[in-house]
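If you count by our numbering, then the sequence shown holds residues 95 to 227, one letter each, in order.
These are calculated hints, taken from the structure and not from any lab test.
A couple of the hints might just be wrong.
[Stated by the list, open to error] The calculated EDC-like cross-link candidates involving lysine to aspartate or glutamate, where the alpha carbons are at most 20 Å apart (straight line), are:
| id | residue 1 | residue 2 |
| --- | --- | --- |
| 1 | Lys111 | Asp148 |
| 2 | Lys172 | Glu127 |
| 3 | Lys172 | Glu197 |
| 4 | Lys172 | Asp193 |
| 5 | Lys172 | Asp203 |
| 6 | Lys111 | Asp134 |
| 7 | Lys172 | Glu107 |
| 8 | Lys166 | Asp134 |
| 9 | Lys166 | Glu122 |
| 10 | Lys111 | Asp199 |
| 11 | Lys166 | Asp121 |
| 12 | Lys172 | Asp148 |
| 13 | Lys111 | Glu186 |
| 14 | Lys166 | Asp201 |
| 15 | Lys111 | Glu127 |
| 16 | Lys172 | Glu186 |
| 17 | Lys166 | Glu127 |
| 18 | Lys166 | Asp203 |
| 19 | Lys172 | Asp199 |
| 20 | Lys166 | Glu197 |
| 21 | Lys166 | Glu186 |
| 22 | Lys111 | Asp207 |
| 23 | Lys166 | Asp148 |
| 24 | Lys166 | Asp207 |
Here the structure is a predicted model, which is why all the values come from computation and not from measurement.
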Amino acid sequence: MWNLVFLQLLLEENGGKVINLGACTPDELVMSECLRIRPDALVISTVNGHGHIDGLRLIRRIRGHAVLASMKVVIGGKLGVHGSRQAGSRAELVANGFDAVFEADADLDRFLDCLGLGTPAPQRVASTEIRST
């Protein structure tokens with residue numbers, strides 16, 4: 095679920111406006127874009143197993159910045175190279191300032207609820223039949 099394209103589509107389909115900064119975005123660019131845009135929330139997606147290390151570094155910078163300190167920040171995906179076996183990593187990420195931490199197999203509804211986004215309206219399919227007389 096933490097693939098950037100899938101995540102962007104999921105958020106947009108549920109009413110979110112997404113600015114995708116791409117993969118392996120440097121901390122400086124994340125910080126400068128958050129200062130420029132002032133988003134309601136920052137979602138960090140990690141698929142390479144470095145989420146715990148990279149996430150700690152970034153959240154400490156964000157929480158240490160006067161303007162960005164109160165911004166909602168969540169992280170999800172593959173947080174470590176050993177998967178969810180690193181049980182302490184979630185607690186450490188929250189203790190350092192993440193508002194929520196989602197494992198790779200997290201429930202989508204919980205994730206959307208955390209961001210204040212609802213489930214998408216069901217799509218209606220209309221079919222029309224024309225009878226010949």
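May I ask which of the numbered hints given earlier this structure violates, with the numbers listed in increasing order? 1, 2, 7, 10, 13
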